[in-house]
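Protein chains in written order, with numbering that gives the first Met the number 0: chain A, 0 to 265; chain B, 0 to 303; chain C, 0 to 356.
Note that these hints are calculated values from the structure, not bench results.
Source: prediction; values computed, not measured.
Careful: at least some of the hints might be erroneous.
[As the list claims (entries may be wrong)] Taking CB as the label site, the calculated pair distances span: (1) A:43 with C:291: 38 to 46 Å; (2) A:177 with B:281: 36 to 44 Å; (3) B:208 with A:169: 26 to 34 Å; (4) C:331 with B:44: 44 to 52 Å.
Here a beta-carbon is modelled for each residue, glycine too, at the ideal position from N, C-alpha and C.
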Amino acid sequence: MKRRVHPVVGVAAIVTLVLLYAPLLAVAVLSVNSARYGSVWKGFTLKWYRQLLANEDVLAAGENTLILAVASTAIATVLGTLLALGLARAPWPKWARRLLDFMVYLPLVTPDILFAGALVVAFALLRALSGAFQPGLLTMIIGHVTFQIAFVALVVGSRLASLGRQLDEAARDLYATPFYLFRRVTLPLLAPGIVAGAMLAFTLSLDDFVISFFTASPDSTTLPIYIYSSLRRGVSPELYALSTLIVLVTVVLVLSLEALTRYRKE
Amino acid sequence: MSRLMIWYGQLTTRRRLLGQGALLSGGAALWLLAFLVLPLLVMAAIAFMRHGRYGEIEWQFTLGNFRRLLGYGSFGWSADYLLILARSVWVAFVTTLLCVLLAYPLAFFIASRSRGTRYVLLGIVMVPFCTNLVIRAFGWAVLLRHDMPLARLAQWLGLLPDGMGIYPGPLAVYLGMVSSELPFAVLPLYVSVERLDWSLIEAAQDLYASRTRVFAHAILPQTLPGLLAATILTFIPAMGAFVVPDLLGGAKYMLVGNLIQQQFGPGRDLPFGAAVSLALLVLTLAGLFLLRGHGKEGSAVDAA
Amino acid sequence: MRSSVLAVFVACVVWGCSQSEKVPDAPGQPKKPRVTVYMYSEYIAPELPKEFEKQTGMPVKIDVYENTEEMMAKLQRAGGVSQYDVVVVSDHAIPVLAKLDLLQPLNLEKIPNAKNVSGQFKSPPYDPGSKYSLPYQWGTVGLMVRKDKAPQAEPTWALLFDAEKQPGPFVLIDSMRDMLGVALKSLGHSVNSRKPEELKAASEAVLRAKKSPKCLGFEGGVGGKNKVADGTATLAVVYNGDAIKAIEENKGLGYILPKEGSIIWVDAMTIPAKAPNVEGAHAFINFILGAEAGAKLSDFNRYATPNAASLPLVKKEDRENPAIYPPQEELKKLEYIEDVGDATRLYDEVWTAAKAR
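Generate coordinates for the entire structure from the input sequences, incorporating the hints supplied.
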């Protein structure tokens with residue numbers, strides 16, 4: 000339902016959105032600039048896009064990035080939501096609650112590098128048990144899920160907390176079974192939180208560098224690793240083309256998702 | 000022990016509830032235990048070890064790493080490491096403040112739109128986040144170059160010496176940090192704002208409360224869980240940030256993230272790196288507990 | 000509707016797990032085992048791996064890293080020691096890697112072309128007897144300058160450290176040993192000094208330079224070169240090969256090897272302790288040390304070749320370019336960066352001091 004907001008709020012919001020998109024626009028402009036260095040406009044060209052699509056390394060990296068993000072987000076959303084539910088909907092004794100809370104906050108509080116270090120230690124130990132834990136896509140997925148769980152749990156938990164008990168109690172008064180209650184009341188109300196959590200987890204995975212780096216093998220390079228490595232070399236405009244493409248694809252996805260929801264309602 | 004109780008309208012026993020809870024949370028808890036908690040404990044142990052000549056770890060207990068952190072280096076006492084920690088806290092604090100200030104209006108704006116538009120707007124907020132951090136930083140670097148309009152304006156206004164750009168510099172760093180942390184702040188805040196009980200706000204307005212009072216007493220308490228989550232999700236990464244400050248600030252000032260990265264790299268002093276990380280962890284946990292204590296009255300995060 | 004969402008989730012999870020067994024990307028199944036090489040980016044002429052494959056039937060996969068720390072972390076902690084066959088490393092890392100048992104000694108009988116290596120690189124200080132390594136390329140550290148903005152630039156490090164001599168915005172190099180080494184040289188000390196007073200003085204020089212309003216900060220690798228190339232900076236600390244490549248595109252740039260002396264660096268080929276394809280590793284090293292391969296390599300990289308047999312085949316203009324092959328008097332003033340053992344801690348502290356204040 001639409002509400003009126005103070006014009007200042009609206010202006011501030013627009014300014015913030017501009018702030019978010021300004022660098023992306025700069026990158027998009029650079030991606031069609033035929034100059035290799037600097038920001039001088041030397042003419043429109045699509046050659047960077049052509050070079051990009053012919054670059055096997057980048058395409059392989061992109062593929063790995065997507066696979067990694069989808070797989071880890073799926074696992075983490077499930078585990079994280081369950082964690083949030085179990086945490087909020089059981090009468091834990093104080094010590095247990097503190098402990099669980101601590102474990103949920105830990106991934107958030109840990110700096111990337113320390114996190115990666117911990118994972119390396121974990122996998123070094125696990126490699127003694129089974130060769131499956133060689134650096135590669137599996138270890139990367141495990142690494143990503145580990146930090147994603149906390150984010151999902153936090154977002155879903157925050158949403159869960161604001162739901163309160165009244166609805167549950169009202170539904171129970173009307174003789175709803177626990178499963179029915181969950182399926183028809185809790186889950187739909189929780190849905191925005193779960194979706195938000197999943198989206199957050201997905202984007203975190205896409206953008207992650209440090210953790211991916213320490214758990215990757217030469218065959219499982221991801222885009223952030225590739226891009227960050229290029230930093231030292233000097234950024235080729237191919238990467239600007241890549242980013243612009245990613246933005247375009249994401250915008251299309253978002254818009255189609257919204258169109259889908261509208262269609263479903265009708 | 001098997002006393003019956005009413006829980007969320009359900010008649011059940013405490014034991015059964017805990018069993019359900021354990022089943023639900025067990026998977027994630029075990030995962031975190033195995034891949035995070037235990038290895039971190041190992042690393043914490045390493046912080047108390049000496050480091051060998053070639054970067055190996057010598058398993059001998061020592062407090063030397065922490066003494067060094069407090070400033071007792073080879074050249075007598077110096078505040079360098081404490082300076083680094085302080086600077087990181089400051090940068091993180093300013094970034095978080097700016098993020099929250101910008102996220103609130105945005106969250107409100109989104110929540111005030113129609114249902115369909117909301118998801119689109121949320122998507123729009125998330126899209127820049129899908130691009131790589133480094134690329135976005137480069138985008139800012141280009142926008143803030145010495146020969147681009149923004150910098151030229153600053154030069155003309157006398158804010159900058161001729162020929163120098165806003166990049167590299169502190170303002171560039173904050174712009175980069177805020178634009179990369181903003182989605183972290185907007186999402187949780189939006190989740191809270193969406194569930195706002197507008198009747199309270201309208202009631203306050205009906206009673207002729209000034210805007211600040213409306214905000215402080217009607218809006219703020221209700222959005223506290225979201226605000227808390229937003230602060231945490233912004234402050235923590237900002238504390239450990241080193242990529243954006245390096246890229247946009249010219250790497251002139253070392254932050255905690257750089258320090259840790261250096262120990263794992265050229266310094267080859269894993270125990271000292273672990274000690275610095277431990278210090279960082281402790282600092283942030285302390286800040287967190289303070290925050291949670293403050294927000295406890297209004298916080299619904301640990302309801303039940 | 001909800002059950003279909005669940006089904007999608009489960010499918011993603013299962014699919015995701017199955018992807019971890021994915022066969023590595025290789026065009027077709029290699030008949031002979033491949034050789035995996037780990038080196039700096041853009042460091043090999045693209046035709047060389049293909050030639051090697053034609054000659055030996057073994058395909059080559061090149062994986063890249065951007066700095067020594069990344070490489071060492073990969074080898075030491077992230078399993079790289081058993082994933083790569085040949086690793087091209089910077090000289091100062093070799094003694095450390097050797098001590099950590101991450102390298103295996105070379106079997107020189109399998110590398111007949113080792114005889115091509117120039118005399119000065121045959122038994123270098125960082126690897127006596129060439130036990131673990133054979134040189135790949137070598138070069139120097141110096142200054143790149145915009146000749147139009149700084150026409151009178153003297154060949155001295157004081158251009159960085161002396162406020163009166165700074166010609167314009169400048170970039171320092173974000174590498175502890177290289178930057179401190181440059182500062183030490185400017186003060187007349189050795190780049191491997193272990194004396195606290197000398198290190199302290201070097202650190203203060205770097206700090207003063209950093210605080211200058213003309214300093215644009217620190218950049219790693221090619222960052223400084225790029226800033227000079229696109230006009231943001233007038234001066235930067237660079238590696239000579241990068242400078243040469245930039246000068247090719249813009250004749251208004253110049254490379255200076257300061258008179259106080261500088262750093263000579265060598266990148267060398269090594270074989271990790273648990274390399275999967277040891278035969279292939281030796282074959283690859285031997286191939287690179289061939290006269291023609293060495294010349295093609297240097298022509299592409301614009302760095303100097305350590306290969307005496309390749310030298311006559313290198314492009315004439317490069318051979319006569321003092322920026323790539325400095326004359327004897329300059330060579331004498333160049334020092335290798337050596338591992339300083341316990342004193343690394345001192346370097347780390349003074350570097351932190353310069354960066355933190």
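Verification of the supplied hints:
no.: 1; hint: A:43 with C:291: 38 to 46 Å; result: holds (42 Å)
no.: 2; hint: A:177 with B:281: 36 to 44 Å; result: holds (42 Å)
no.: 3; hint: B:208 with A:169: 26 to 34 Å; result: holds (31 Å)
no.: 4; hint: C:331 with B:44: 44 to 52 Å; result: holds (49 Å)
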